[in-house]
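Engineer: Based on these hints, arrange chain C on the given structure of chain F.
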Amino acid sequence: MRDFLTRYRRNPAAVVGLFLLLGVIGLALTADLFFPRNPLSLAGRPLQWPFTNPNLWLGTDQTGRDIAAQIFHGARVSLVIGLIATVISIAIGVLVGALSGYYGGWLDDALMRVTEAFQILPNFLLLLVLVAVFGSTLPTVIVAIGVVSWPPAARLTRAEFMSLRNREFVEAGRTLGLRDARLIFQEILPNALPPVIVYASVIMSVAILLESALAFLNLSDPNVPSWGNLIGGGRGVLRVQWYVSAIPGVAILCTVLGVSLVGQGVNDALNPRLRHR
Amino acid sequence: MRIFSLAARRLAAALPALLIILAGLFLLLQLAPGDTVDALVAQMGGGDPSMIEQLRKHYALDQSTSVRLGDYLWRLVHLDLGQSAIYGKPVAAVILERLPATLLLMGSSLAIAFAAGMALGVVAARRVNRWPDTLISTLGLVFYATPSFWFGLMGIFVFAIYLGWLPAGGYSSVGAGLQGMAQVLDIAWHLVLPTLTLALIFLAIYLRIMRTSMLEVSNLDFVRTARAKGLTDTKVVTRHILRNALLPMVTLIGLQAGTMLGGSVVVESVFALPGLGRLAYESVVQRDLNTLLGVVFVSALLVIVINFIVDMLYARLDPRITAGR
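Line by line, the protein sequences are chains F and C. Take 1 as the starting number for the first sequence in the numbering used here and just add one per residue. Take 1001 as the starting number for the second sequence in the numbering used here and just add one per residue.
Hint data in this document are derived by calculation from the structure and do not stem from the laboratory. Here the structure is a predicted model, which is why all the values come from computation and not from measurement. Any given hint might turn out to be false.
Using C-beta positions, here's what the derived DEER-type ranges look like [unchecked claim]:
hint, chain 1, residue 1, chain 2, residue 2, range
1, C, Leu1247, F, Phe185, 35 to 41 Å
2, F, Asp3, C, Leu1135, 25 to 31 Å
3, F, Arg167, C, Gly1070, 33 to 39 Å
4, C, Glu1097, F, Val143, 31 to 37 Å
5, C, Leu1301, F, Arg239, 36 to 42 Å
6, F, Phe185, C, Arg1068, 37 to 43 Å
7, F, Thr30, C, Asp1080, 54 to 60 Å
8, F, Ala159, C, Gln1054, 52 to 58 Å
9, C, Leu1103, F, Leu22, 55 to 61 Å
10, F, Gly135, C, Gln1183, 40 to 46 Å
11, F, Pro36, C, Asp1071, 55 to 61 Å
Residues on chain F that point at chain C, a partial pick, calculated with CB under 7 Å [as the list claims (entries may be wrong)]:
hint, residue
12, Val15
13, Met112
14, Arg113
Residues from chain C shown here face chain F by an in silico Cβ test under 7 Å; the list is partial [what the hints assert, rightly or not]:
hint, residue
15, Leu1015
16, Ala1017
17, Ile1020
18, Leu1022
19, Ala1145
20, Pro1147
21, Phe1157
22, Gly1262
23, Val1265
24, Ala1280
25, Val1284
All residues carry an ideal CB built from backbone N, CA and C; glycine is no exception.
Excised from the complex, chain F in its bound form (with noise of 0.2 Å):
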């Protein structure tokens, strides 16, 4: 443990990423100590311009609200949709995964030709057929986007499962008469799941990165404060006051990155040989 964080430490790009994602983390913790309002309220006049009113210091969007208070709350939006949607598309993932890498046969074809088919849709279009279907709001579009995202997780569960079930101690396990369901949970997931772990920042980036797509397409809930719904907004009047887009796209931005740049620097730091190449 104490190995891992000097390695992590001595990596700069890890570092700045924690720093971001602490940042962002920071924001979502405050953001009901510095907005306590509905951010999603009139705030004043309209399109007020960054750092000409010291009440509203990024100014206000193009129907008054504050944009200050949309970037705190839009990172708790943010997170939350990222965490929750990562967890889904990765207990689905790790599922079908294990059932196909531990069984094999009939079933793996089967749960494979389910995966291949989920990779041939290209993954924002199957989100949009979602939303149309199911409707737009917080909890669907969190759901959708895990439902989509699921593939890669499921191939990189299968491939650690297919090499895993065959050892000795998965062989130990067998021969003192343990179940399947034992076995696959308790003996092999857990040696499968770090690489299924560090995978996770990928799904979390690309997850935060579709559901701003989809807000700011203004097809996501557009009554929870969200970063791609204010770039959207924005759209309008970005002639003069392009403002209102810039900086939501910076605040996404640097979550993204931070995510990933967390992500990459676990991975380093749990396998210190391959870096350095």
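Structural biologist: Just chain C, lined up with the frame of chain F:
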């Protein structure tokens, strides 16, 4: 001959997945509130119950789900995608109209991302862990983390509004009535910003893969042999390392095909391009599920075809693949 049997096998392998997609989507749309007739009636501003009944019969909506699924798949075999409710034309015709813009956008973005990613990846790998590498890798990470629609909007602001160099959107100048070469140049002019926007994200991925792949190949035995023969550094890189390092890049084209189509939905709506992606978006907004299903079907076909071409290309580039079987 081997390459043909490989080709046939690859195409056959894609069929079950395609079938799952179609059946899955069809069943999914059964869950959607409202059907084609509801959309049509809403379009007409209401209608009496007997007419609605008749329309339902006309579109075979009174049949059972399994009958309609069979019917639907059978029609797809004939490439009959049904009628678009909002455009009043066959879905296939609407899609065909929109396809060129998307293919052009994807093709040019892919070319830019591939070429620039390759060049930057080679530079980064040759100066590994020194400042050019750090700079290029950092830029790659930033591009990867940038939402494409935001990049597009900022591009519009800087190059179209502030500097006034490029058009802010659209596929060609409206009402200019250009012909021949002038028309081609006009479209190319309009596609500069959208292409760069879509290319930047993929550039980041290509450059990272190219860098890793270059580093991996340079440690292999045949490279050491080439060096030992006394070849110059440039020659080793261009003739020996580069050719082998390109293989994962080619694989990536197939893997990213779907993501690129998804990305073009966003880019096309930012730049108001009349493409397939924008059609998907419009059909979601206007609840024209028939058209949406058609777009998804064509996109899935497109991804399968791109992957097929990549497979064939790969087999030509790496003879071990066909020889191994």
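Engineer: With reference to the structure, classify each hint as holding or not holding.
Structural biologist: Hint check results:
For Leu1247/C paired with Phe185/F, a C-beta distance near 37 Å keeps the hint of 35 to 41 Å intact. Hint check: Asp3/F to Leu1135/C, Cβ distance near 30 Å, so the stated range 25 to 31 Å holds. The hinted window of 33 to 39 Å between Arg167/F and Gly1070/C is violated, with their beta carbons roughly 46 Å apart. Under the hint 31 to 37 Å, the C-beta atoms of Glu1097/C and Val143/F, about 34 Å apart, fit the expected range.
Distance hint check for Leu1301/C and Arg239/F: the Cβ-Cβ separation is about 39 Å, which falls inside the suggested range of 36 to 42 Å. Against the hinted window of 37 to 43 Å, the Cβ-Cβ separation of Phe185/F and Arg1068/C comes to about 40 Å, which satisfies the hint. Between Thr30/F and Asp1080/C the CB atoms are about 57 Å apart, so this pair conforms to the stated range of 54 to 60 Å. In this structure the hint that Ala159/F and Gln1054/C lie 52 to 58 Å apart at CB holds, the actual value being about 55 Å.
Evaluation of the 55 to 61 Å hint for Leu1103/C and Leu22/F yields a failure: the beta carbon distance comes to about 44 Å. Take Gly135/F and Gln1183/C: their Cβ atoms lie about 42 Å apart, and the range 40 to 46 Å holds. For Pro36/F and Asp1071/C, the Cβ-Cβ distance of about 57 Å falls inside the hinted range of 55 to 61 Å, so the restraint holds. Using the Cβ-Cβ criterion of 7 Å, the hint placing Val15/F at the interface with chain C is not satisfied: the shortest such distance is roughly 14 Å.
About 9 Å separates the beta-carbon of Met112/F from the nearest beta-carbon of chain C, more than 7 Å, and the hint is not met. For Arg113/F, the interface hint holds, since its Cβ comes within 7 Å of a Cβ in chain C; the closest pair sits about 5 Å apart. The beta carbon of Leu1015/C comes no nearer than 10 Å to any beta carbon in chain F, farther than 7 Å, and the hint placing it at the interface is violated. About 4 Å separates the beta-carbon of Ala1017/C from the nearest beta-carbon of chain F, less than 7 Å, and the hint is met.
At a threshold of 7 Å, the smallest CB-CB gap from Ile1020/C to chain F is about 4 Å, leaving the interface hint in force. The closest approach between the C-beta of Leu1022/C and any C-beta of chain F is roughly 9 Å, which is over the 7 Å cut-off, so the hint fails. Interface hint at Ala1145/C: satisfied, since its Cβ lies 4 Å from the closest Cβ of chain F, which is below the 7 Å cut-off. The closest approach between the C-beta of Pro1147/C and any C-beta of chain F is roughly 5 Å, which is under the 7 Å cut-off, so the hint is satisfied.
Below 7 Å, beta-carbon pairs count as interface contacts, and Phe1157/C has one with chain F at about 5 Å; its hint therefore holds. Annotation: Gly1262/C was flagged as interfacial toward chain F, and the flag holds, the nearest CB pair being 3 Å apart, inside 7 Å. For Val1265/C, the shortest C-beta to C-beta distance to chain F is roughly 6 Å, which falls under 7 Å, so the interface hint holds. Taking 7 Å as the C-beta contact cut-off toward chain F, the hint placing Ala1280/C at the interface holds, the least distance being around 6 Å.
Evaluation of the Val1284/C hint against chain F yields a held restraint, the C-beta minimum of about 5 Å falling below 7 Å.
In this structure, the hints that do not hold are numbers 3, 9, 12, 13, 15, 18, in rising order.
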